[in-house]
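Colleague: Protein sequences appear in the order of chains A and B.
The opening residue of the first sequence carries number 1 in full-length UniProt numbering; numbering runs sequentially from there.
The opening residue of the second sequence carries number 1 in full-length UniProt numbering; numbering runs sequentially from there.
Some hints could be false.
[What the hints assert, rightly or not] In the DSSO-like style, the derived pairs of lysine-lysine whose C-alpha atoms are separated by at most 30 Å in a straight line are:
1) LYS557(A) <-> LYS51(B)
2) LYS564(A) <-> LYS382(A)
3) LYS51(B) <-> LYS485(A)
4) LYS95(B) <-> LYS111(A)
5) LYS51(B) <-> LYS564(A)
[Stated by the list, open to error] Below, a sample of chain A positions facing chain B; criterion: calculated Cβ distance under 7 Å:
6) GLY107
7) GLY110
8) LEU548
9) THR552
For the record, the hints were derived by calculation from the structure and aren't laboratory data.
All C-beta atoms, glycine included, are put in the ideal place defined by N, C-alpha and C.
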Amino acid sequence: MKVLPTRNSTLALQRAGFACVPAMLDYAAKGETGVTFYNAKGEQLSALAWREIRERAQVVARKMIGAGFAPGERLLITADTWPGFFDAFFGAQYAGLLPVPVSIPVGIGGKDAYLDQLRRQFAASGAVAAVGLDDLAGYLADAAQEFPAVRLHGGMDVLYSLPEKPVDLRPLGADDLCYIQFSSGSTRNPHGVQITQRALMANLAGMVGPSGLGVVEGDRAVSWLPLYHDMGLIGFLMAPLSTQISIDYLTPRDFARRPMQWLNLIARNRGTISYSPSFGYDLAVRRGAAQVPADLDLACWRHAGIGGDMVRADVLERFAATFEPFGFNRKAFIPSYGMAEVCLAITFCPHDTGVRTDAVDRTALAEAQRAVPAADPGDDHKSRRFVICGRVLPGHRLEVRDSEGRVLPDRAVGRIFVSGPSIMPGYFGEPEASREVLSDGWLDTGDLGYMLDGEIVVTGRAKDLIIVNGRNVWPQDIEWAVEAKRVVKNGDAAAFSIDTGEGERVVVAVLARVSGDEARVTLARDVAGAVREAIAVDCDVALVPPTLGLPTTSSGKLSRARTKANYLAGLYAPKPAAA
Amino acid sequence: MIVETDGMTETLERTRVSGQSRAEVIREICRHLAPFQTGERPITGDTVIAKDLTIDSLAIMDMVMELEDHFDISIPMNVVAEIHTVDQLADTIQKLCARR
Numbered sequence: 001m002k003v004l005p006t007r008n009s010t011l012a013l014q015r016a017g018f019a020c021v022p023a024m025l026d027y028a029a030k031g032e033t034g035v036t037f038y039n040a041k042g043e044q045l046s047a048l049a050w051r052e053i054r055e056r057a058q059v060v061a062r063k064m065i066g067a068g069f070a071p072g073e074r075l076l077i078t079a080d081t082w083p084g085f086f087d088a089f090f091g092a093q094y095a096g097l098l099p100v101p102v103s104i105p106v107g108i109g110g111k112d113a114y115l116d117q118l119r120r121q122f123a124a125s126g127a128v129a130a131v132g133l134d135d136l137a138g139y140l141a142d143a144a145q146e147f148p149a150v151r152l153h154g155g156m157d158v159l160y161s162l163p164e165k166p167v168d169l170r171p172l173g174a175d176d177l178c179y180i181q182f183s184s185g186s187t188r189n190p191h192g193v194q195i196t197q198r199a200l201m202a203n204l205a206g207m208v209g210p211s212g213l214g215v216v217e218g219d220r221a222v223s224w225l226p227l228y229h230d231m232g233l234i235g236f237l238m239a240p241l242s243t244q245i246s247i248d249y250l251t252p253r254d255f256a257r258r259p260m261q262w263l264n265l266i267a268r269n270r271g272t273i274s275y276s277p278s279f280g281y282d283l284a285v286r287r288g289a290a291q292v293p294a295d296l297d298l299a300c301w302r303h304a305g306i307g308g309d310m311v312r313a314d315v316l317e318r319f320a321a322t323f324e325p326f327g328f329n330r331k332a333f334i335p336s337y338g339m340a341e342v343c344l345a346i347t348f349c350p351h352d353t354g355v356r357t358d359a360v361d362r363t364a365l366a367e368a369q370r371a372v373p374a375a376d377p378g379d380d381h382k383s384r385r386f387v388i389c390g391r392v393l394p395g396h397r398l399e400v401r402d403s404e405g406r407v408l409p410d411r412a413v414g415r416i417f418v419s420g421p422s423i424m425p426g427y428f429g430e431p432e433a434s435r436e437v438l439s440d441g442w443l444d445t446g447d448l449g450y451m452l453d454g455e456i457v458v459t460g461r462a463k464d465l466i467i468v469n470g471r472n473v474w475p476q477d478i479e480w481a482v483e484a485k486r487v488v489k490n491g492d493a494a495a496f497s498i499d500t501g502e503g504e505r506v507v508v509a510v511l512a513r514v515s516g517d518e519a520r521v522t523l524a525r526d527v528a529g530a531v532r533e534a535i536a537v538d539c540d541v542a543l544v545p546p547t548l549g550l551p552t553t554s555s556g557k558l559s560r561a562r563t564k565a566n567y568l569a570g571l572y573a574p575k576p577a578a579a
Numbered sequence: 001m002i003v004e005t006d007g008m009t010e011t012l013e014r015t016r017v018s019g020q021s022r023a024e025v026i027r028e029i030c031r032h033l034a035p036f037q038t039g040e041r042p043i044t045g046d047t048v049i050a051k052d053l054t055i056d057s058l059a060i061m062d063m064v065m066e067l068e069d070h071f072d073i074s075i076p077m078n079v080v081a082e083i084h085t086v087d088q089l090a091d092t093i094q095k096l097c098a099r100r
């Protein structure tokens, strides 16, 4: 099979500035670029030019309109990375329906949890139809049973087999919604972010423009990011589409299995733009470094973006050190910051600067919420490094405020608020939850950070912040301290605090990959010791059976709130008496 | 000529059809699971993979991937999500091998 071209032969590259998603696809369909799907072995599965995606979508749209689906009704789609998703998502765009992308199940024995999640998503979105992979048709049927409003469900054939009627298309326009995005951190009680066409177009313009990634002719995107996540769907489907460039896809599963295929694909197809949360770079180093082909050449990769979670400088440094001999340019790193409530992105670092960090004094940070430059940045006990995440996109504003709502000066830590044309109008069907985060056109991001010469430095989630004896402690610091000592693996620790009535008590839940009482006592002691040494706080240690795992959000991030809830519910073993 | 149909002939019959002996499938699964065995309880067909062993979800994914490579099969995600025990995993692998 041939590789779809990186450049269009005659179609001029238009960098965003469209009215809506159908208009973007109409324009891109005039060229030869498109999307290609690869498997874990690096073999090409199928390729669809934007032109074919548009043709297929319009057929699907006429079938859905012909079947009587009304404008604005919701279509739930299991968002695996396969052509069916494109048919359903863009079909809905041309039929005036709202897609609701949802995740797919993972792992052995995950059926019941997945069905629960599907039911919550049916309830929150009020979907009237649900389509997905053939393999998941049975699950959709199971979950849909309780929802009589769901008139059609199954594999993609339930759409393909509808008769195509000679009806007019009803494309979503500039004033319409675009789709519903289940946001991060919403596994238990999902909030569907309303992504409007207008907000999406504004965010795309910022993202692909000079203050964002500055997409130019010759760019090619490579992605393994899940399409049910904003970074996958907007960052690596909508943004390339808004600039008519080609995309090469791996599924998230195949990436997790064979992380090197991500880098192989970039090298082979001369990809220039690819993103990952820090953990993806970590996975590539830990599981890929042993199988790097000698001729791997990553010199083509000009924007290696990082987003979706706290950016971890240590992880990125390891990645750069591992892959610099293979042409990787560490200046290609672009830390960025955003959330589904602003579509995707709100700040980007400038190009060709790489990861820049700010080392601040731990004591001032904890006791005065001030980010004072560290006297000795090399001393990890006294200083704490944060990654600088760049400037707010043009046309948007970003403020750091104190608890009274006053705007704070540089280096004062507070809550991050953003405003501008990318902000959501609210959560779907949830006016109260929307009012909690939106006011006077400003979004309360729920994140903490400080400003530094016009750039934002994100320090953590406000709701996760632990206050011990008036001292602010970031749970990440505790987790990283435990992980840095190699007491447990990355991602195996979750820190939170519980109210004892006399103040907060820090609890660190760790996966206990050891058996025997003695080993468990030792593990608990080592964890507490590492935390005491690095952060100077005492903590209780909860040992979590590895089979239970630590709870994550729908986008795979550690959920400290649910870890805490589980702990309080007595799900985790009490700490061994001797610890 | 075998007149009685006992468990062994059934197993052999399945072996011939699938081209993969059940013993080999079980052996291969146990090879992956052995490091996660806890206490004195041996790994048997009834062992519930995610409960009775100290294996985490990433290691389970690794194992499934390596088993797929070893037997040159692909286990659909909905099938994986319904597997709990070693026997169920072995059944799935044998069935897919037979269809290959």
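Colleague: Is the interface hint for GLY107(A) satisfied, with its Cβ closer than 7 Å to some Cβ of chain B?
Modeller: 5 Å, holds
Colleague: Is the hinted pair LYS557(A) and LYS51(B) satisfied, with a Cα-Cα distance of at most 30 Å?
Modeller: 23 Å, holds
Colleague: Does the CB of THR552(A) sit less than 7 Å away from some CB of chain B?
Modeller: 10 Å, violated
Colleague: Classify the hint on GLY110(A) as holds or violated, based on whether any CB of chain B lies nearer than 7 Å to its CB.
Modeller: Holds: closest Cβ of chain B sits about 5 Å from GLY110(A), inside 7 Å.
Colleague: Under 7 Å, Cβ to Cβ, is where LEU548(A) needs to be relative to chain B, so tell me if that hint holds or is violated.
Modeller: 9 Å, violated
Colleague: CA of LYS564(A) to CA of LYS382(A), is that 30 Å or under?
Modeller: 28 Å, holds
Colleague: LYS51(B) and LYS485(A) were given as a pair; does the straight-line alpha-carbon distance stay at or below 30 Å?
Modeller: 28 Å, holds
Colleague: Does LYS95(B) pair with LYS111(A) here, judged by a C-alpha cut-off of 30 Å?
Modeller: 20 Å, holds
Colleague: Against the 30 Å threshold, does the CA-CA distance of LYS51(B) and LYS564(A) hold or violate the hint?
Modeller: The given pair, whose Cα atoms are some 22 Å apart, holds under the 30 Å limit.
Of the numbered hints listed earlier, those contradicted by the structure are 8, 9.
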